[in-house]
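S.K.: Working from the sequences, and respecting the hints, build out all of it.
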Amino acid sequence: MSMLQVELPGLSLKNPVMPASGCFGFGREYSQFYDLNRLGAIMIKATTPEPRFGNPTPRVAETPAGMLNAIGLQNPGLKKVLGEELTWLEQFETPIIANVAGSTETDYIEVAREISKAPNVHALELNISCPNVKTGGIAFGTVPEMAKELTMKVKAVSQVPVYVKLSPNVTNIVEVAKAVEAGGADGLTMINTLLGMRLDLKTGKPILANKTGGLSGPSIKPVATRMIHDVSQQVSIPIIGMGGVQSAEDVIEFFYAGASAVAVGTANFVDPLVCPNIIDRLPALLTELGFGHISECMGRSWKANEKLTYNRA
Amino acid sequence: MSMLQVELPGLSLKNPVMPASGCFGFGREYSQFYDLNRLGAIMIKATTPEPRFGNPTPRVAETPAGMLNAIGLQNPGLKKVLGEELTWLEQFETPIIANVAGSTETDYIEVAREISKAPNVHALELNISCPNVKTGGIAFGTVPEMAKELTMKVKAVSQVPVYVKLSPNVTNIVEVAKAVEAGGADGLTMINTLLGMRLDLKTGKPILANKTGGLSGPSIKPVATRMIHDVSQQVSIPIIGMGGVQSAEDVIEFFYAGASAVAVGTANFVDPLVCPNIIDRLPALLTELGFGHISECMGRSWKANEKLTYNRA
Amino acid sequence: MIKNEICTVVSQEQIADSIFELTLKGELVSEMSQPGRFVHVKVTAGAEPLLRRPISVANINPSESQFTMIYRAEGRGTQLLAEKKPGDGVDILGPLGNGFPVEEAEAGDTALLVGGGIGIPPLYELAKQLTAKGIKIIAVLGFQSASAAFYEKEFAQLGETYVATIDGSLGTKGFVTNVLTSRSILADVLYACGPIPMLKALETSHKGQKAFLSLEKRMGCGIGACFACVCHTAEDPEGHSYKKVCSDGPVFRAGEVIL
Amino acid sequence: MIKNEICTVVSQEQIADSIFELTLKGELVSEMSQPGRFVHVKVTAGAEPLLRRPISVANINPSESQFTMIYRAEGRGTQLLAEKKPGDGVDILGPLGNGFPVEEAEAGDTALLVGGGIGIPPLYELAKQLTAKGIKIIAVLGFQSASAAFYEKEFAQLGETYVATIDGSLGTKGFVTNVLTSRSILADVLYACGPIPMLKALETSHKGQKAFLSLEKRMGCGIGACFACVCHTAEDPEGHSYKKVCSDGPVFRAGEVIL
Ligand SMILES: Cc1cc2nc3c(=O)[nH]c(=O)nc-3n(C[C@H](O)[C@H](O)[C@H](O)COP(=O)(O)OP(=O)(O)OC[C@H]3O[C@@H](n4cnc5c(N)ncnc54)[C@H](O)[C@@H]3O)c2cc1C
Ligand SMILES: Cc1cc2nc3c(=O)[nH]c(=O)nc-3n(C[C@H](O)[C@H](O)[C@H](O)COP(=O)(O)OP(=O)(O)OC[C@H]3O[C@@H](n4cnc5c(N)ncnc54)[C@H](O)[C@@H]3O)c2cc1C
Ligand SMILES: Cc1cc2nc3c(=O)[nH]c(=O)nc-3n(C[C@H](O)[C@H](O)[C@H](O)COP(=O)(O)O)c2cc1C
Ligand SMILES: Cc1cc2nc3c(=O)[nH]c(=O)nc-3n(C[C@H](O)[C@H](O)[C@H](O)COP(=O)(O)O)c2cc1C
Ligand code: FES
Ligand code: FES
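Protein chains in written order, with this note's numbering: chain D, 1 to 313; chain G, 1001 to 1313; chain L, 2001 to 2259; chain H, 3001 to 3259.
One or more of the hints may lead you astray.
What the hints assert, rightly or not - Cross-link-like lysine-lysine pairs, in silico, BS3-like; alpha carbons within 30 Å at most:
(1) Lys3025/H to Lys2085/L
(2) Lys205/D to Lys3243/H
(3) Lys202/D to Lys3003/H
(4) Lys2217/L to Lys1205/G
(5) Lys1014/G to Lys2085/L
(6) Lys3243/H to Lys1303/G
(7) Lys3173/H to Lys211/D
(8) Lys2003/L to Lys1079/G
(9) Lys1205/G to Lys303/D
In short, the hints are calculated from the structure, not lab data.
M.R.: The following block contains the structure:
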């Protein structure tokens, strides 16, 4: 009878709050702070077929109310993720959403096929929007036809529902969203980071070794809100929203915009307990706002203002 | 022999700092705080053929390190801008850059033809990137071919150099920049605001009556820096940079990125004296950083790291 | 003249639920005289929160170069303001806008002052100046509840004062309009500040009478440059003529602008 | 265990040009023992500046539940930190990372401690612990100039101390390496913290000797989750094996990672 229980393709979530990919590693570090069973789900770090070191350092730079990162998809590779990280995560009941990345179509397909077999992986997140790798990555996310084809191919091999992660660095995100929906995506996750750069006052050179990086944190929240608002009205698959979420209020705002669950990225670095804190605060906040269940908030920015009643769990 | 003198098409600027369009009205209000002759130039509020009331209120909403606006190009119309505002501004020597807006091609052409005849208008800023009007505006700024054609047509009627203001809400801003360069633009101004939205926690509805608005302020600075960096290497016309500038340090950062002058928008609302304060601080900052002239900073993020020597004024 | 100055906190006190009374000292007080004007407050030096907050001047003390604001600490900006302690600096831009025309009432007249919630503060300086001029004031103040009420006693010292609370925990149960309809108050001029529904009701009930209403709008610049705070004029309700709340207002003659 | 706690400022003092000494009280001090670990500091509650700042623990006072940081107020975050006054709260995450291995030196040994600028602070707690164990320390400290120098006297109380300044205004003119080449210092173990060029020079000059170097990298999480702070390992300098400065370091055995 929880106010927070949410049902999404492949995911039965006791609450709609989860750490965003790349901001939580594979959970080990944050498990020092709290029981990972408290999370609705965990989006693990991007996995590629082979291990990747990623970009040279510096890889992060602070910006006003935000940060840039250019990690470059560092990860131990599919084999270790399956053999070490996912097995370690099996001690928790929390469903895992595996973030799938690569440079070529074959990369994506290989990772998707294998990782979707892991017993605790309940969904894939197809990362076609990483701004920090030279080949592949973001290109798949900016051309609707490419995004659609990749989605179809990954769907064909995946054992679990596929969510596609959209890039905000496009003229028309609705078009990309519709394309991946047509390609068979079960859901969307949005947004990935905005392309940005910061220069060093003394040298004039970019602070990030990779020059450009992805902008995340509170500064991008209005951009994410707008995109979730626009896309959620044009597709019928659910959206996991992200981009600058720091508080229970932000979670509600993303639901209003049209999200059905919310991921928290950068805020984990600021407050390692941010996810459980949000989860703890949500029921009281919902009650204050007059909601009986979080799903009643969904799409309120564009739905007629009736009191929505949701199939309460 | 000023360290700050900068020469751009149509604009001989005693310093490269100017208020951005829409953030300074037609100068009257800020003239209560300082002598407008201190400014390098003034970018006046968008002008359309007919007077416009703009959007309903609320028209602004605060966001983390930024703000959304949806003014909707409110302005007194071409006739009053010419007859009242520009004539009032004639008491100053500061060159005026007139921001030209409209809903149709004809609108742009009409305003450009007439306003470019005003004696103190030294350049036009073609606003093909306003996110807050339903028709025209941003559409011209997102389709390279449309941007190019409009630029050509405006160039054909303008008495003064034409700068085109680019929208950041595109997949590939370099493409748009190259198109308007090919269309004959004398310079670029960038960036206009990012599309964003904020929802009210209590009602679930957008705070802005227009629903979406344009995001400006420090939060967008890394996005602007990245775009100026990318575009400045691909075009040979100068860029007036803007987006989150608050300080002399920010001005230098935009020069490093590839700008040849800088406009200050939102920061005027926070500190009415921000422009003269930046101008006062720049010479000492340049000296601390080892530069003899501000133009030596230009493009340092991508140029080879030699000590650049510029034709010092 | 509008000034921008780092004023110094003289005192800060919580006077009701979420309501704070903040007294500042600064040279710009010498520019303050008309009641109903406001200042634009930057609560921290950094970029977050970014914008200034418009707050009315509630009390002017020219001899001490001090003025007082009364505000509700609700959002992030006003909550940070509430943390300021005596001796701290607060970045103030002001005084801004056009306030209540005291000259519209003459000695011997009766002025009705109607305020709702955080619309009440600017009426206090107005009440002081009116009574000093020999004008009788009747104040009608509306609050959520007794615990949110403030300055009833201060007003009562200046004139007849009625209070309405929505929950009835103090004074009349209901809105200020309930007080007004239950009593027949005769006044030569009405001054009001509060939520739009209250102002609309007053505009209707006092049609044709001398009335001045103070409006609130979300603001950018606060000085007339950004067009954030416009409203349509009554004579051209759908057209392009307009008034700016920050620089033409916040006080308008009833019927001048569309509420 | 890593804790997250709002610690209370006990004292804050400027001890050299832009250099501040900040002592905090908090329960997490009970988790501190090894020198060379760091804390991750959130300087304000808001979103700007957003990220935590990594600062080394310079002195641990377990009996009072206090620890001291010494930092340069340069950017926006550290400048805000420098404004904290006794009684204020500071949000601390820590202690983090792996510090200097005190156990690598034995009573009677000589330890050489080399620090440059803001690399010096963690060496102070190290020096205290080493001398307490009966180890002789020799400290070589490098600064920009006399006015930027700090803690020379504190180190001198614990052992032989040499200072180098770039402008020669205190001690030897030049870098710490100038001191080391001009004197033949024999030590059983080297501990160092400072700029990369200094660490590289020491790695070369002390090749094959027992040496521990503390690194700095720009950080996100500070706890090993974000991969912001990695470096290549010496055995696989181009490959995909790596160490994280925040959780594997910041102290590494010389030659373990690529500087
Ligand atoms: C002319 C004028 C005079 C005012 N006088 C007073 C007063 O004396 N006492 C008092 O308590 N309040 C007064 N207000 C309202 C006050 O400005 C808002 O309560 C305050 O700005 C909210 O800031 P926040 O940080 O609490 O909220 P946030 O939600 O953090 O504010 C976010 C943004 O919205 C704006 N905003 C939010 N609510 C309002 C509002 N009601 N009116 C205008 N802008 C708003 C803020 O200024 C800010 O830009 C006045 C408003 C105006 C326009
Ligand atoms: C393990 C470790 C221990 C440290 N110990 C100390 C210490 O004891 N005393 C001290 O003065 N400094 C120390 N530093 C350096 C200190 O972290 C930076 O000086 C500080 O983060 C700069 O913050 P700012 O607000 O002044 O600068 P800003 O320019 O505002 O910082 C912007 C961003 O860049 C990061 N950054 C900037 N410079 C550095 C740097 N040199 N190293 C890492 N991140 C940086 C900041 O953390 C922040 O995220 C240490 C760094 C590390 C990694
Ligand atoms: C350090 C860092 C690493 C990230 N790595 C990944 C990644 O591996 N895969 C991915 O899809 N997104 C990655 N992201 C993007 C986040 O998952 C998220 O979409 C984005 O940061 C916006 O959310 P936030 O503002 O809450 O951080 C990363 C973000 C950060 C800050
Ligand atoms: C209130 C407001 C009104 C604006 N009006 C215009 C406009 O009329 N024409 C235009 O080209 N840009 C307009 N802009 C965009 C600014 O000129 C500028 O490109 C943008 O705000 C980014 O700069 P900033 O972050 O310094 O504000 C407006 C911005 C704001 C905040
Ligand atoms: S707030 Fe800018 S015009 Fe009124
Ligand atoms: S700072 Fe995040 S892994 Fe080291």
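S.K.: Compare the structure with the hints numbered earlier in the document and write down the numbers of the violated ones, lowest to highest.
M.R.: 3, 5, 6, 7, 8
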